[in-house]
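> These are the residues of each chain, in order.
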Amino acid sequence: MPSASDKAWPDVVLETLKANDVRLAVYVPDKILIPLIDGVRADPFFTALCATREEEAVGICAGAWMGGMRSVLMMQTSGFGNIPNALASLAVAYQIPIVLLISERGALGEFNAGQVWSSRVVAPVCTALGIPHHAIERLDDVAFILDRSIKQAVATQSPAALVLSPLLTGGKVFAG
Amino acid sequence: MQRIVLMRRLAGMLRDEAVVGGIGNTNFDLFAAGHRPQNFYMLGSMGLAFPIALGVALAQPQRRVIGIEGDGSLLMNLGCLATIGMVAPPNLTLIVMDNASYQITGGQPSASAATADFVAVARGAGIARSDWSQDPDDFIRLVDAALQSSGPALIGARIDEAPAAGQPARDPAQIRDRFMQAMGARKDFGAP
Ligand SMILES: Cc1ncc(C[n+]2csc(CCOP(=O)(O)OP(=O)(O)O)c2C)c(N)n1
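Going down the list, the sequences are from chains H and R.
The first sequence begins at 1446 in the working numbering and counts up one residue at a time.
The second sequence begins at 36 in the working numbering and counts up one residue at a time.
Simulated from the structure, these hints should not be mistaken for laboratory data.
Bear in mind the structure is a predicted one, so any value in this text is a computation, not a measurement.
Wrong hints could be hidden among the right ones.
[Said to hold, decoys possible] Partial list, computed: chain H residues near chain R (C-beta under 8 Å):
| id | residue |
| --- | --- |
| 1 | Val1473 |
| 2 | Ala1496 |
| 3 | Thr1497 |
| 4 | Ile1505 |
| 5 | Ala1507 |
| 6 | Leu1535 |
| 7 | Tyr1539 |
| 8 | Gln1540 |
| 9 | Gln1597 |
No residue lacks a Cβ here, since even glycine has one placed at the ideal position from N, Cα and C.
Isolated chain R, as found in the complex:
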């Protein structure tokens, strides 16, 4: 599967969900699939997409929140799956874009190229609803099912090494401010 194809299919089904994209390609293709203010693009905190998404999910229990992370990034912070399994936020969906490599730093193989299986790890961490998607239709079906159900879910997607199709501006203050306004957590000071 290709990351940008999955991101475009995902973007097509979103409404007011918050989406947190991880470092590098993950947030690049999230942006390239169509910017929306409910997207948060993370620039340098490798491995923190799921924890950030968990924080948003705790603060906004009425909103669905999606975290999207690369395999190398998730490997840096596997412990967060145990936290999410324990907290069991009903409104959090996790997506792993697994290209079995650290693509953006030169394509070095990651542990998932060898032995690591994120769905098995997530299940072991207490996220029972964890599945590998087989193709783009299956991916969308799994995301849709996760968004309809109560409880955390993890969806794995084995993707190829196609480069990202675009990049957001690296302006953290603007990214954060727009995201917070979209979350209703902050007003534009010029707004009525």
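Next comes chain H alone, as it looks inside the complex:
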């Protein structure tokens, strides 16, 4: 497992995805995710794909898994609000491991009321659907949580949701 110590969180994420042969990275853009999006786009190991909507991305990731390719789906908490039916009817019902990396808006200094309430659906929806979910708050935990979550998702044929907390990423603050 990659060691986190001297690296920034996005580097640890990218390294851990590669170590687990996660080759398809589907995303809907988000500012906190910039280093991950830029990272997968710059590295020919990854097939990077910008989807128009998060449910579309769930469909692409599901198809890729059934064709033998592992994927990660990167989005912000608002985007998670778009996908409960896709998760329930596709990932959960068909037992498809899709790893969701969710950049957390709506907490710890959110300035946009339009982000606050949608971010609060993530944990209850995951709980309702039986999808394992964790917040990643510390750099030292990134490799462990991501690596273990990918391995568990694949082994148990279940999606997994990981929320990238502002405690890890710094979050997004009001630019004025």
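Mind docking chain R with the ligand on chain H? Use the hints.
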């Protein structure tokens, strides 16, 4: 045209292509035309047949992949045409079964009964090889041409309201497992 007639003609020309059928009637008639393990029957994710097919096409560049979607379903997720136009997978063929209605929920007219034209939308989204088929022979000719050529293609079929001719068992785990085995992405644990 009738959906089951087109599906039977399609089934007759398939070899090892993956086929992803959309919600309701689309996958019902795909099944009724003859089950094959390379068929994926989608149960509840309205509008995701083409994205699922795109995912399979990305994972298996050596295999031809066909997505089949209803008009109401495609309207729910028109954005996927822009994604497919942008990615331009060489091995993906899209079929729209356009009955101009939400047949399975009671036949309410869809936007394609009025103004929406999926071939025009697909072309605008960057899928240059997009055509309406005029009759079943033309449909098969277009599908065959799409399967022979490199690049995504979309084929529209204006169909009637004939009910589906059968239904697959709604067993998602079995559907997925058989499909993955047919894709070579998973082994039966009892297999040698
Ligand atoms: C997200 C979602 N919204 C609504 C429905 C209800 N629904 C199921 S099938 C369907 C109509 C599908 O229409 P179309 O794709 O044109 O297929 P047709 O029934 O005409 O064959 C609707 C509205 C659903 N299953 N999922």
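> Looking back at the numbered hints, which does the structure fail to meet, lowest number first?
1, 9
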